[in-house]
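**Q** Next come the chains, spelled out residue by residue.
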Amino acid sequence: MNVLSVKGLTKRYPDFLLQDISFELPQGKIMGLIGKNGAGKSTTLKSILNLVNPDAGTVEMFGKNFFENEEDCKQNIGVVLGGIDFYNHKKLSDITAVTKRFYHNWDDDAYQKYMKTFSLVPEKRVKELSTGMKVKYMLALALSHNARLLILDEPTSGLDPVSRDDLLGLFRQLVESKGISILFSTHIITDLEKCTDYITYIKDGQLLCSDEKSKFIKSFQHLKEPGDKSDLSLEEIMIRTERSRYDV
Amino acid sequence: MMFKLLNKELRLAAHPNLFIFTLLGVLVIVPAYPYGMVFLFGCLGPYITFMYGRETNDIYYTSLLPVKKRDTVKAKCLLMVLAQMTQLLISLPFAILRLRVLPAGNPAGIEANLAYYGFGFIIYAIFNFIFLTEFFKTAHKVGKAFLLAIIPAALGVLIMEVIVHFPGFKWLDSVEPAMILKQLPILVTGIIIYALSMLAAFKISAKRFQKVDL
Numbered sequence: 001m002n003v004l005s006v007k008g009l010t011k012r013y014p015d016f017l018l019q020d021i022s023f024e025l026p027q028g029k030i031m032g033l034i035g036k037n038g039a040g041k042s043t044t045l046k047s048i049l050n051l052v053n054p055d056a057g058t059v060e061m062f063g064k065n066f067f068e069n070e071e072d073c074k075q076n077i078g079v080v081l082g083g084i085d086f087y088n089h090k091k092l093s094d095i096t097a098v099t100k101r102f103y104h105n106w107d108d109d110a111y112q113k114y115m116k117t118f119s120l121v122p123e124k125r126v127k128e129l130s131t132g133m134k135v136k137y138m139l140a141l142a143l144s145h146n147a148r149l150l151i152l153d154e155p156t157s158g159l160d161p162v163s164r165d166d167l168l169g170l171f172r173q174l175v176e177s178k179g180i181s182i183l184f185s186t187h188i189i190t191d192l193e194k195c196t197d198y199i200t201y202i203k204d205g206q207l208l209c210s211d212e213k214s215k216f217i218k219s220f221q222h223l224k225e226p227g228d229k230s231d232l233s234l235e236e237i238m239i240r241t242e243r244s245r246y247d248v
Numbered sequence: 001m002m003f004k005l006l007n008k009e010l011r012l013a014a015h016p017n018l019f020i021f022t023l024l025g026v027l028v029i030v031p032a033y034p035y036g037m038v039f040l041f042g043c044l045g046p047y048i049t050f051m052y053g054r055e056t057n058d059i060y061y062t063s064l065l066p067v068k069k070r071d072t073v074k075a076k077c078l079l080m081v082l083a084q085m086t087q088l089l090i091s092l093p094f095a096i097l098r099l100r101v102l103p104a105g106n107p108a109g110i111e112a113n114l115a116y117y118g119f120g121f122i123i124y125a126i127f128n129f130i131f132l133t134e135f136f137k138t139a140h141k142v143g144k145a146f147l148l149a150i151i152p153a154a155l156g157v158l159i160m161e162v163i164v165h166f167p168g169f170k171w172l173d174s175v176e177p178a179m180i181l182k183q184l185p186i187l188v189t190g191i192i193i194y195a196l197s198m199l200a201a202f203k204i205s206a207k208r209f210q211k212v213d214l
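So the protein lines, in turn, are chains A and B. 15 is the number that our numbering gives to position 15 of the first sequence; each next residue is one higher, with no gaps. 64 is the number that our numbering gives to position 64 of the second sequence; each next residue is one higher, with no gaps.
Excised from the complex, chain A in its bound form (with noise of 0.2 angstroms):
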């Protein structure tokens, strides 16, 4: 069953155009969401969750039509956006506290074993987490709501290669030992290496595949060049489609 699926999305701004954007994310699945900056990892993230209007396409959530049971299904999601701090002078205390007014389902037990694994402690404020522990609050604020599915927009970029290694493990973790389904954006291959079952591959707006990580990784042979002897790894096969040319 797949708890996501996108068809068609497409939102067009004056100067970018995300076009036809389709994909589909098994349950108890991570894919990875890849492109470089600028590609319309965010746009396509952001479109999904109804953040921007997106101009067609449509997106289903968990066998629902998001757009239509927006409240229904944020229910079950927990949305980490990378680079925005929320409430940065505010105690974690203080923002649980609003927010699990919110969930139905919101489990407070759960929620203070999470806190005591990412070792995070209520009465500090949001400013005084380091990039890697607010995206653990985060995400300890949407697994104690029970989300069954994580949408994460570059939640890597900015950590040093052990708490990326650390948060990576954890991904992995959450979706073996709960069955929970992740979509991330990223840029740093390793990621995609480390941690995810499908990719999705998004170049200037346009999507150039979406597979499972094998079948990526075939379907991009073609770009081998003379010389090449093995397969081509994922940071070549982006590496030579996105490598541009300067008339200088």
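Keep in mind the hints are simulated off the structure, nothing from the lab. Mixed in with the good hints there might be a few duds.
[Stated by the list, open to error] BS3-like, lysine-lysine: derived pairs with alpha carbons at most 30 angstroms apart:
| # | chain 1 | residue 1 | chain 2 | residue 2 |
| --- | --- | --- | --- | --- |
| 1 | B | K137 | A | K90 |
| 2 | B | K68 | A | K178 |
| 3 | B | K144 | A | K90 |
| 4 | B | K4 | A | K100 |
| 5 | B | K141 | A | K127 |
| 6 | B | K203 | A | K64 |
| 7 | A | K36 | B | K211 |
| 8 | A | K127 | B | K69 |
| 9 | B | K203 | B | K144 |
| 10 | A | K100 | A | K64 |
| 11 | A | K64 | A | K215 |
| 12 | A | K124 | B | K4 |
| 13 | A | K127 | B | K4 |
| 14 | B | K141 | A | K90 |
| 15 | B | K170 | A | K91 |
| 16 | B | K211 | A | K7 |
| 17 | A | K213 | A | K7 |
| 18 | B | K4 | A | K90 |
| 19 | B | K74 | A | K90 |
| 20 | B | K207 | A | K64 |
| 21 | A | K91 | B | K182 |
We have chain A already, so just place chain B on it with the hints.
**A** Relative to the frame of chain A, chain B by itself:
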């Protein structure tokens, strides 16, 4: 839902200044003071809170909660109504108290009487309508929305404060029972205009915010 949204506004979105400006309803006990300033503080409070909300990404956060997009607008409208009504309520006992302790009236401008409160509702209605509908065109241009809204609101205050100095409008400055009765229609009209303006502001702002790309 209304209470959850208001709880969020008060605990996370509101700037501390909003609470201070709300308390400034007590200014009607100052012996000689242009009490119209109270309403201007009631406009400044929400402005600072909206600006603070932009810095704390409050609109983003609300939009990610399990609420409809228009609930984000509703939350802001509710907060404004709550702050302004609380401010007027706070001022009320002091307006009554001044009848006893300051029977000579207010030489600086309008007396804190029924007409004053009626004008207050109208001034708030003007400010809120322009401010909210303009702000939710973009959900970030708060300075422009404030400027467009505060100019007519301040003009309203100015007219209210000046008009009572003209002999023909002396009854607006009175706290005599007979004159108070004459002022009652202003208060009723003010309340009706305020309610209609908030409803219209919410509907138009929600429609505009629907089209905003965050």
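**Q** So, for every hint listed, does it hold in this structure?
**A** Results for each hint:
1. For the hint linking B/K137 to A/K90, the alpha-carbon distance of about 28 angstroms falls within 30 angstroms, and the restraint holds.
2. Using a Cα cut-off of 30 angstroms, the hinted pair B/K68 and A/K178 holds, with the two alpha carbons roughly 28 angstroms apart.
3. Restraint check: the Cα-Cα separation between B/K144 and A/K90 comes to about 27 angstroms, which is no more than 30 angstroms; the hinted pair holds.
4. The suggested pairing of B/K4 with A/K100 holds, with an alpha-carbon distance near 10 angstroms, which does not exceed 30 angstroms.
5. As the CA atoms of B/K141 and A/K127 are separated by approximately 25 angstroms, the hinted pair is consistent with the 30 angstroms bound.
6. Distance check on the hinted pair: B/K203 and A/K64 sit about 27 angstroms apart at the alpha-carbon level, within 30 angstroms; holds.
7. Simply put, A/K36 and B/K211 have alpha-carbon atoms about 27 angstroms apart, close enough for the 30 angstroms limit, and the pair holds.
8. For the suggested pair A/K127 and B/K69, the alpha carbons sit about 27 angstroms apart, so the restraint of at most 30 angstroms is met.
9. A hinted pair counts as satisfied when its Cα atoms are at most 30 angstroms apart, and B/K203 with B/K144 qualifies at roughly 20 angstroms.
10. Distance hint between A/K100 and A/K64 is fulfilled; the C-alpha atoms sit about 24 angstroms from each other, no more than 30 angstroms.
11. Of the pairs offered as hints, the one joining A/K64 and A/K215 holds, with about 28 angstroms between alpha carbons and a cut-off of 30 angstroms not exceeded.
12. For the hint pairing A/K124 with B/K4, the CA-to-CA distance comes to about 23 angstroms; that is within 30 angstroms, so the pair holds.
13. Proposed proximity of A/K127 and B/K4 is supported: the alpha carbons are some 25 angstroms apart, at most 30 angstroms.
14. For a cut-off of 30 angstroms, the pair hint linking B/K141 to A/K90 stands: about 24 angstroms separates their Cα positions.
15. Under the criterion of a C-alpha separation no larger than 30 angstroms, the hint pairing B/K170 with A/K91 is inconsistent with the structure, at around 53 angstroms.
16. Note on B/K211 and A/K7: the hinted pairing holds, with a Cα-Cα distance of about 21 angstroms set against a maximum of 30 angstroms.
17. At roughly 20 angstroms between alpha-carbon atoms, A/K213 and A/K7 fall within 30 angstroms of each other, so this suggested pair holds.
18. Our distance criterion of 30 angstroms between C-alpha atoms is met by B/K4 and A/K90, whose separation comes to about 18 angstroms.
19. For the hint linking B/K74 to A/K90, the alpha-carbon distance of about 22 angstroms falls within 30 angstroms, and the restraint holds.
20. Of the supplied pair hints, the one linking B/K207 and A/K64 holds, its CA atoms being roughly 24 angstroms apart against a limit of 30 angstroms.
21. With a C-alpha separation of about 51 angstroms, the suggested pair A/K91 and B/K182 falls outside the 30 angstroms cut-off, and the hint is violated.
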